[in-house]
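Q: Listed in order, the protein sequences are those of chains E and D. Residue numbers for the first sequence follow my numbering, so the first one is 22 and each next one is one higher. Residue numbers for the second sequence follow my numbering, so the first one is 109 and each next one is one higher.
None of these hints come from the bench; they were simulated from the model. Keep in mind it's a predicted model, so treat the numbers as computed, not measured. Among the hints, a few may not be true.
[Unchecked claim] Computed spacing ranges between beta-carbons, pair by pair: (1) G152/D <-> T102/E: 36 to 42 Å; (2) S179/D <-> T40/E: 38 to 44 Å; (3) K151/D <-> T40/E: 21 to 27 Å; (4) S160/D <-> R83/E: 30 to 36 Å; (5) P28/E <-> P149/D: 20 to 26 Å; (6) K38/E <-> Q190/D: 42 to 48 Å; (7) R83/E <-> Q190/D: 39 to 45 Å; (8) G152/D <-> Q101/E: 19 to 25 Å; (9) P81/E <-> N209/D: 22 to 28 Å; (10) S125/D <-> T26/E: 16 to 22 Å; (11) G152/D <-> G51/E: 17 to 23 Å; (12) F135/D <-> L61/E: 20 to 26 Å; (13) F135/D <-> S47/E: 31 to 37 Å.
[As the list claims (entries may be wrong)] In silico BS3-like pairs for lysine-lysine, Cα to Cα no more than 30 Å straight-line: (14) K38/E <-> K127/E; (15) K173/D <-> K151/D; (16) K38/E <-> K151/D; (17) K121/D <-> K151/D; (18) K151/D <-> K127/E; (19) K121/D <-> K173/D.
[Claimed, not checked] Partner residues aside, some chain E positions facing chain D, computed with beta carbon under 8 Å: (20) S56; (21) A65; (22) Y71; (23) A119; (24) V121.
Here a beta-carbon is modelled for each residue, glycine too, at the ideal position from N, C-alpha and C.
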Amino acid sequence: QSVLTQPPSVSAAPGQKVTISCSGSSSNIGNNFVSWYQQLPGTAPQLLIYDDYQRPSGIPDRFSGSKSGTSATLGIAGLQTGDEADYYCGTWDTSLSAGVFGGGTKLTVL
Amino acid sequence: ELQLVESGGGLVKPGGSLRLSCAASGFTFSGFSMSWVRQAPGKGLEWVSFISGRSTYIYYADSVKGRLTISRDNAENSLFLQMNSLRADDTAVYYCARVLNTGNGMDVWGQGTTVTVSS
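Taking the hints into account, I'd like the entire structure generated from these sequences.
A: Written out as structure tokens, the structure reads:
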């Protein structure tokens with residue numbers, strides 16, 4: 022039971038757009054920046070989005086982030102088979118004085 | 109090239125100890141906060157600990173508080189995780205990661221080192 026709630030899985034066809042939600046509370050998402058990570062099978066996580074919507078250099082603009090209140094959303098447009106991976110949201114929880122992650126969402130590109 | 113390389117993982121008995129290391133290169137190590145994140149087999153990411161650039165601020169997940177200790181040696185560009193009183197549920201791949209100075213996010217990750225706690 023993670024502090025942040027993500028759907029276990031999402032799927033969409035190549036070329037389509039998918040969104041992954043991340044729900045929290047005022048002690049985490051509501052008052053702290055959110056980041057998103059992609060983890061391809063057997064590899065370390067990679068930062069996709071930081072500070073709610075910023076993309077690190079090298080991350081294509083197919084990946085987008087947004088936040089409203091205590092929820093954040095990762096969008097992936099123009100889906101490719103290479104996007105099949107686990108996606109995690111993360112932030113700081115002020116009440117816990119700890120970092121927190123969502124449980125992860127497995128993306129399947131049909 | 110920005111790089112983090114973990115080492116020190118292995119098989120240890122319950123109640124035992126282990127010290128993980130993370131060697132940093134390609135950036136000014138002392139200028140960045142660092143974190144440890146772990147991933148149990150088949151499970152999601154779990155944040156473990158955070159240390160600021162000059163070790164002024166240190167935080168731990170409740171699940172490891174009192175048993176795991178984070179530290180760093182800026183002269184040696186190294187991050188450490190001393191793991192004591194290990195339990196079976198500490199079994200995981202442990203990643204070190206660089207924390208962005210802007211706010212939230214870990215932008216450089218090591219390849220991970222595996223810790224297995226079993227009798």
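Q: Give a verdict on every hint.
A: Quick rundown of the hints versus the structure:
Our hint of 36 to 42 Å for G152/D and T102/E is violated, since their Cβ atoms are close to 23 Å apart. Roughly 40 Å separates the CB atoms of S179/D and T40/E, a value that falls within the hinted 38 to 44 Å. In this structure, K151/D and T40/E meet the distance hint of 21 to 27 Å, their C-beta atoms being roughly 24 Å apart. At about 34 Å, the CB distance of S160/D to R83/E agrees with the hint of 30 to 36 Å.
Taken as a hint, the range 20 to 26 Å holds for the pair P28/E and P149/D, whose Cβ atoms sit roughly 22 Å apart. The hinted window of 42 to 48 Å between K38/E and Q190/D holds, with their beta carbons roughly 45 Å apart. With their beta carbons about 41 Å apart, R83/E and Q190/D fall inside the hinted range of 39 to 45 Å. Between G152/D and Q101/E the C-beta distance comes to about 23 Å, which sits within the given range of 19 to 25 Å.
The hinted window of 22 to 28 Å between P81/E and N209/D holds, with their beta carbons roughly 24 Å apart. Checking the proposed 16 to 22 Å range against S125/D and T26/E shows it is violated: the Cβ atoms sit about 35 Å from each other. Our hint of 17 to 23 Å for G152/D and G51/E holds, since their Cβ atoms are close to 22 Å apart. Distance hint for F135/D and L61/E: a CB-CB separation of about 24 Å, consistent with the stated range 20 to 26 Å.
A hinted range of 31 to 37 Å holds for the C-beta pair F135/D and S47/E, which are about 34 Å apart. Taken as a hint, the K38/E and K127/E pair is honoured in the structure, with Cα atoms around 15 Å apart against an allowance of 30 Å. Taking the CA atoms of K173/D and K151/D, the gap is near 21 Å; set against the 30 Å cutoff, the hint holds. Our distance criterion of 30 Å between C-alpha atoms is met by K38/E and K151/D, whose separation comes to about 26 Å.
Proposed proximity of K121/D and K151/D is supported: the alpha carbons are some 22 Å apart, at most 30 Å. A C-alpha spacing of about 12 Å is found between K151/D and K127/E, which places the hinted pair at or below 30 Å, so the restraint holds. For the suggested pair K121/D and K173/D, the alpha carbons sit about 19 Å apart, so the restraint of at most 30 Å is met. This hint holds: S56/E has a C-beta 4 Å from the nearest C-beta of chain D, less than the 8 Å allowed.
The interface hint given for A65/E is met, as the beta carbon of that residue sits about 4 Å from the closest beta carbon of chain D, less than 8 Å. Interface hint at Y71/E: satisfied, since its Cβ lies 3 Å from the closest Cβ of chain D, which is below the 8 Å cut-off. Residue-level restraint check for A119/E holds (minimum Cβ-Cβ distance to chain D is 5 Å; threshold 8 Å). At its closest, the beta carbon of V121/E sits 6 Å from a beta carbon of chain D; the interface hint therefore holds under the 8 Å criterion.
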